[in-house]
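Chains A and B supply the protein sequences, listed in that same order. Its first residue numbered 1, the first sequence is counted upward by one per residue in our numbering. Its first residue numbered 1001, the second sequence is counted upward by one per residue in our numbering.
Bear in mind the hints are in silico, worked out from the structure with no lab data behind them. The reader is advised that the hints may include incorrect statements.
[Claimed, not checked] If the Cβ cut is set under 8 angstroms, some of the chain B residues that face chain A in the computed set are:
#: 1; residue: Gly1084
#: 2; residue: Phe1085
#: 3; residue: Glu1389
[As the list claims (entries may be wrong)] Straight line, CA to CA, 25 angstroms or less: simulated DMTMM-like cross-link-like pairs of lysine to aspartate or glutamate:
#: 4; chain 1: A; residue 1: Lys178; chain 2: B; residue 2: Asp1390
#: 5; chain 1: B; residue 1: Lys1225; chain 2: B; residue 2: Asp1055
#: 6; chain 1: B; residue 1: Lys1405; chain 2: A; residue 2: Asp209
#: 7; chain 1: A; residue 1: Lys307; chain 2: B; residue 2: Asp1390
#: 8; chain 1: A; residue 1: Lys178; chain 2: B; residue 2: Glu1418
#: 9; chain 1: A; residue 1: Lys178; chain 2: B; residue 2: Asp1365
#: 10; chain 1: B; residue 1: Lys1178; chain 2: A; residue 2: Asp52
#: 11; chain 1: B; residue 1: Lys1083; chain 2: B; residue 2: Asp1127
#: 12; chain 1: A; residue 1: Lys178; chain 2: B; residue 2: Glu1097
#: 13; chain 1: A; residue 1: Lys405; chain 2: A; residue 2: Asp86
All values derive from a computational prediction rather than experimental measurement. By construction, the Cβ of each residue, glycine as well, lies at the ideal position given by its N, Cα and C atoms.
2 protein chains.
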Amino acid sequence: MPRNAFYAQSGGVTAVINVSAQGVIETARKHPDRIGKVYAGRNGIIGALTEDLIDTSRESDAAIAALRYTPSGAFGSCRHKLKGFDTNLAEYERLIEVFRAHDIGYFFYNGGGDSADTCLKVSQLGDKLGYPIQAIHVPKTMDNDLPLTDCCPGFGSVAKYTAVSIREAGYDVRSMAKTSTKVFILEVLGRHAGWTAAAGGLAADQPGDAPQVILFPEIVFDETKFLGAVDAAVKAHGFCAIVASEGLRLPSGEFLSEAGTKDAFGHAQLGGLAPLLAKLVGDKLKYKYHYAIADYLMRAARHIASKTDVEQSYAVGKSAVELALAGKSGVMVTIERQSDSPYVWTTGTAPLDKVANVEKKMPRDYITDDGFHITDKCRRYLSPLIQGEDYPPYANGVPQYVTLKNAAVPRKLKTAFELKK
Amino acid sequence: MPRNAFYAQSGGVTAVINVSAQGVIETARKHPDRIGKVYAGRNGIIGALTEDLIDTSRESDAAIAALRYTPSGAFGSCRHKLKGFDTNLAEYERLIEVFRAHDIGYFFYNGGGDSADTCLKVSQLGDKLGYPIQAIHVPKTMDNDLPLTDCCPGFGSVAKYTAVSIREAGYDVRSMAKTSTKVFILEVLGRHAGWTAAAGGLAADQPGDAPQVILFPEIVFDETKFLGAVDAAVKAHGFCAIVASEGLRLPSGEFLSEAGTKDAFGHAQLGGLAPLLAKLVGDKLKYKYHYAIADYLMRAARHIASKTDVEQSYAVGKSAVELALAGKSGVMVTIERQSDSPYVWTTGTAPLDKVANVEKKMPRDYITDDGFHITDKCRRYLSPLIQGEDYPPYANGVPQYVTLKNAAVPRKLKTAFELKK
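Based on the sequences and whatever the hints tell you, model everything.
Put into structure tokens, the structure is as follows:
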């Protein structure tokens, strides 16, 4: 008898997380003898806890295929992290209650480090609480900070956005620099690891190309060195384009700019870095500046997604289902690189207990000695990830993204569940 | 005997100003009997004043053709505005000295309102100072605020960027809104006119689509109404996406957020609006927010340029040369709309004395009564301008933009010229 599958999206969404959803759903649809329906959690794991399930079988093949071109989380995402079995057993018991009511035997969780931890715990429900379920983690994070995978689906597209954007802005500021703006700063998302900022370095093929300065969270911010590097670029090339990671830190370990609020995972919410750096440049070097803050635009930018990233995002979704059908559980699908050039990759697996809550930072030898650019080694790593364009369809000048019906699965339980904050 | 032409780029550059340069140069090259060489001003009009001319005949046909795909000002731009004849006669006398030395009989000036004024004055050099020259203005401004033309080359691409970006970010925030970010603000360039913000409205096809709130400089900011509109959108749709023009003003006429510095034309330099609005939303409505500041990214975004805009940018450059050959002077090339749907347009002309220093604001009936969205009339006007995609070529995942040789024309004058600030 086929059992049903549960799929959910977790954490910050990306331009291509829906491509993984497409991979999961399309692959599951090919195995009706083994997998019944794919139920998606409305707003991530919250949908499971509150028995708010979406019946993806109500979506046409065309709608599911259109997920390939649609950024964001088509079923809704959330930042709710399940705590340990000891701390909040009620949540796991509730999951089992819902899963049992809907005969769910497969759990596909699409997210980053926090959700890998949740997925690991779900994979242990059989041993710990007597409800066997196969749990496979489908990696997704624009931050590229998951361990044991060569790269993370979602990252390549953000990387491409950063490289394209700083190349374009660099051309712009170069042409204005004689009498106007000389320094341009692009602030990019990336809380703890500098991958997204590093990708800006791919725009610089020739000496003097933008960006001349990259600020990584891995390198403690040094005001004097920073101003020296900016001034040197302006003197040598007439302008300076900077990519700055929001996660830039002071020697004290504090973020250079703290908004003072915390998100639901207890992380500090950042944002005000670029104006701070810009003011420094203006006050100390007296150069006219402009700055942009990419924020959600970069992770939602399906219009300039990396084709490589799109293909990998599909592959991890497809592979997750195939692994489940092969009896696997407690693993994350990985991307394994066979060669840089030509770029050859396959999918693989990593045990979730080695993945959860481990952050992969930039290796020091990916950053130049002065701390302001990427090395050739880093370029060899990053370059394949942004290769290829995969444009969405357009009508009336704007991309045509799908909004699914997201029809609810009728509830079977009488009980409600209140989420702990 | 053919005489030489001078071409210069002025003011803030765009994703497509180089397409107009391409139009000027390619058209001039077809008339060697009438036009000798096209000399470009290095860094705009400053290149003329300082006799720093670029010999565009040294560029291959392929390099000139590649201008079609290259954002920014390929010859450099500037924000130097020529004052009146009475105020600074020396600048005009210097222009004549340089033009005479290089046998320049045609003047093509590619810019916005400020440069239309300069172009007008150059067209008067014959009458006022005895140096006859044909001066044609090639319109360019992402602000879309030039009068007497249906639209301004450069605007359509910014408009498309805004519509695409807020659609993508709207999808993103909608999927996060259950437990995380509910309000997203995109700050766009646009000092005095709301055209660039209005274009965001094209992303909203259906009720509830992003953006639900647009903030125009033409509508005085009212905090209570703004917060009411945001709260209503969150309550109705779960999230609110906002496009905010940097030029938003208080009832006093002051910009909502002033950086306190001035640019070379004496305009206030703006920038800090989005965080201010975001804080208001956070403090008063207690919704989690994110914001992006597009800044130069939007005007440099050749990767998502409007095909219509690219075609119009070429046409105004080509037409400028044809008008000069037909004996015209003191005019700006215009875009004239024949019909909205199907969209049919031609080029025309407007006398420069009616263009210079006039700003075209959004008509009130392009903005809904509540002040927060665009009307159907506005949509009919804007929609054709963002139609079509015109992707640049890519290699290694990044767009391939041309950097010209920009070889200097040998100087003929012994005299130097010092620019007045």
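Structure-based check of each hint:
1. Gly1084: violated (20 angstroms)
2. Phe1085: violated (22 angstroms)
3. Glu1389: holds (6 angstroms)
4. A:Lys178 <-> B:Asp1390: The hint is violated at about 30 angstroms.
5. B:Lys1225 <-> B:Asp1055: violated (56 angstroms)
6. B:Lys1405 <-> A:Asp209: It holds: about 15 angstroms lies between the C-alpha atoms, which stays within 25 angstroms.
7. A:Lys307 <-> B:Asp1390: Holds. Lys307 of chain A to Asp1390 of chain B sits at ~18 angstroms (cutoff 25 angstroms).
8. A:Lys178 <-> B:Glu1418: Holds, because 14 angstroms separates the two Cα atoms, which is no more than 25 angstroms.
9. A:Lys178 <-> B:Asp1365: Violated, at about 40 angstroms.
10. B:Lys1178 <-> A:Asp52: Holds. Lys1178 of chain B to Asp52 of chain A sits at ~13 angstroms (cutoff 25 angstroms).
11. B:Lys1083 <-> B:Asp1127: holds (18 angstroms)
12. A:Lys178 <-> B:Glu1097: Within the cut-off at roughly 23 angstroms; holds.
13. A:Lys405 <-> A:Asp86: violated (38 angstroms)
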